[in-house]
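These protein sequence lines map, in sequence, to chains A and B.
Throughout the first sequence, residue numbering follows this note's numbering, covering 1 to 482 in sequence.
Throughout the second sequence, residue numbering follows this note's numbering, covering 483 to 686 in sequence.
Quick caveat, the hints were computed from the structure, so don't treat them as lab data.
There may be inaccurate statements among the hints.
Quick list of in silico lysine-lysine cross-link-like pairs, DSSO-like style, CA-CA up to 27 Å [as the list claims (entries may be wrong)]:
#1 K571/B / K161/A
#2 K571/B / K33/A
#3 K366/A / K429/A
#4 K42/A / K96/A
#5 K366/A / K442/A
#6 K351/A / K366/A
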Amino acid sequence: MILFEAPNLILALPELVLAVLAMLLLLLSVAGKAENYRLIAKMGVFALMTAAAVTFNFYGQAGTTFGGMFVADNFSSYMKLLVLAGSAVSLLMATKYLEREKTNRTEYPVLIVFSTLGMMLMISANNLISLYMALELQSLPLYVLAAIQRDSVRSTEAGLKYFVLGALSSGLLLYGSSLIYGFTGATGFEQIASALQGQTAVSLGVVTGMVMILAGLAFKISAVPFHMWAPDVYEGAPTPVTAFFAIAPKVAAIALITRVFMGPFGDMAEQWRQVIVALSIASMALGAVAAVTQTNIKRLLAYSSIGHMGYALIGLAAADKAGIQGIVIYITIYMVMSIGAFCIVLMMKQKDKMVENISDLSGLAKQQPLLALAMSVMMFSMAGIPPLAGFFGKLFIFQSAINAGLYTLAVIGVLTSVVAAYYYIRIIKVMYFENAEEELDKAADTGLNLILTAASLAVVFFILLPSPLLASAGAAAQSLIK
Amino acid sequence: MIEAIFFYVFSVVLIISSMLVISARNPVHSVLFLILAFFNAAGLFVMLGAEFIAMTLVIVYVGAVAVLFLFVVMMLDINFASLRQGMMKHLPVGGFVGAVLLVELAWLYKSWVIQPEAALRALSPTPDPSAVTNTHALGQVLYTQYVYPFQIAGLVLLVAMIGAITLTLRHRPDTRRQNISKQVARKAKDVLKVIKVETGAGVS
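Just chain B, same shape as in the assembly:
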């Protein structure tokens, strides 16, 4: 009973806030609703017993991605009103494509059969949830059975980093950077000159 209540609360708030993400006029409000949507999705994951995904959702999406969004929204001068201009014009086409996809998926769902032998072929036997926590179970396979995709993921991230730096880093020759050794090596006698000024003559 109490589970059902929480499920509906999380789901309803999730759906409403995700709709508000795209309909809110102010982009900052959109991002805030996005964060709300993430939190509710995390709640749903906890209810499913997938607390690891819930944690990563909060840490990665709320902690990093959403904050980054906020920064972008605030720092870039993007005219969101003009971005949304064609919306009504394209709505019929987009709606049609979406409807077709929905019908197709519903059709698929109708023919959904879980094959009896599927459980035997399952990639790794799911550990008993009462004996091992979700995070623990993931940790058991991530560095053993899935070490290969895990390593490739590392390479993908490395490439993403190289790519981002390649495309954005500019060495600007006109900026002045601090050169500490030069500063320390600077001697008073090299840069200071004591001049005896004659009265009334001034310094040229």
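Bound-form chain A, shown alone:
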């Protein structure tokens, strides 16, 4: 007879709380009228904040539960707080846009909350089965969200494209998982790690399975060559959904990749490092070069996020504590910068119609100098110009690469960030030195203004108070190193 151990539910308390609140939210949204969008959105933010409070209360509590399928540690707590904050902010950013476009459906917050729950489970996955289930719970609402403007061909196309490619990546991931299970006899991360420990010649099957899992996960962070969906989906999806895509799922996916490759495959760093390096170089290069010719700002931000993921992967290639700390810092700063940039994209409208072209920003400096200043801060920071936060993100990543002896990778990273700086600065040039044919409307959304102000201040003044972030990132990284 199989003995069953009652799971320690305290470790999974944030997820349990969020799951229960998500279902209550669903009931509320079904019971109420369709016009109740604002109330449901507020309740959604409340649910996310409650889960964040619980996570914060049990911050750093370590252990595994549910028969080793779920793990909690410093890393998971930190990443969960980041994801919850990102989701809550992107939900707040969406209200005005959705009301204007008449997509303010009460299912929107429900889907965001369920997707966030999936992301939290992803971050805490400690078994190939729970990894896959969490990944599906996270992606399924994203497909629906991309297509939520169902009367728009572009949005529907984005949803369908995302769905088909997401299914393909799930297939790759599952096939890789089955190979790993076949060759190691285990699906738990610890058991896989112990099976691979101290093996001089790793069997070809394990390597193939591992590469397939990596390919499946690389889809989720849109690393080259698995990036094809990103620009089309970013452009086609409604802007608040795009903002959500850029903010929260990326954090969860990079956390998952880090855990999978530092945990079960930690002893095979020599095998996977070359793959990660190749992904990283390709992403940085394509992110820099392909963005140059873009005219649509959402597409540009898609390529920019591909490039950023390339930089984050450098930290994984280093495969040590400094590298992971670099990833955690980089992804935090990336999230804040994305929030800021998308706030501005959400404010871009002419005569009450949303516009998305870079040329529409021209002359912004004369009409709304503060907005132009905020955008410049975000762009300079994304380009990695000191003393803004983005510079420090890149600094820690490159430092870890140098320490690990990955000189080529660091040099290519610096070179591509110079190329990338060209298109970031081009936006600033458009805003300050080109004359407007048609002016942008004055931004009248207090919520967006507040979020943008907070993000800008965080990016500008990060240099004054970096120690809390560095310390908690260090603690998070430490918990992944065995």
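Since the structure of chain A is provided, determine the placement of chain B on it from the hints.
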């Protein structure tokens, strides 16, 4: 001996019918061959001692999915001939990719080693098949050891339902729905008027 015969019968019919699924001209025939393929696969599973998978294959795939396919094929006006048009053009590329994958997998198979300690690490010791049936064994672990993925699967299904409704449900204001309380509350004196018609005058 008899097992071998059944195995080959099931396998041959399975392979032939699955090839017919993609080559049949009539999409309804394709679906019917698909159902045949499912039944034969279920037969193979029974022979492996996995009767639970065989049952779910028949119930879920034949009972629900295939019937749904039939409905879609019959109700949607899809021109299958035009869908198949590019087939010959793309065949070389697709065939090449498939061949490369096949060679890779064969290569993998060559190096296949089942590690001796794999049995020790097995997730759950397989119960003795003579003591516990396959379905029973699954039931023993599904709600205990695997309760966590099982619950997430439930959430995934819930999200799938929400998603399908979000994307397809439309509240159409122009359709007239039955309102029973309104019907019951309707009184004759509110809607009927008795008019005395004078001879030859008519009703205006």
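Inset, instruction - Any hints from earlier that this structure breaks? Give me their numbers in increasing order, please. - result: Of the numbered hints given earlier, the structure breaks just one, which is hint 2.
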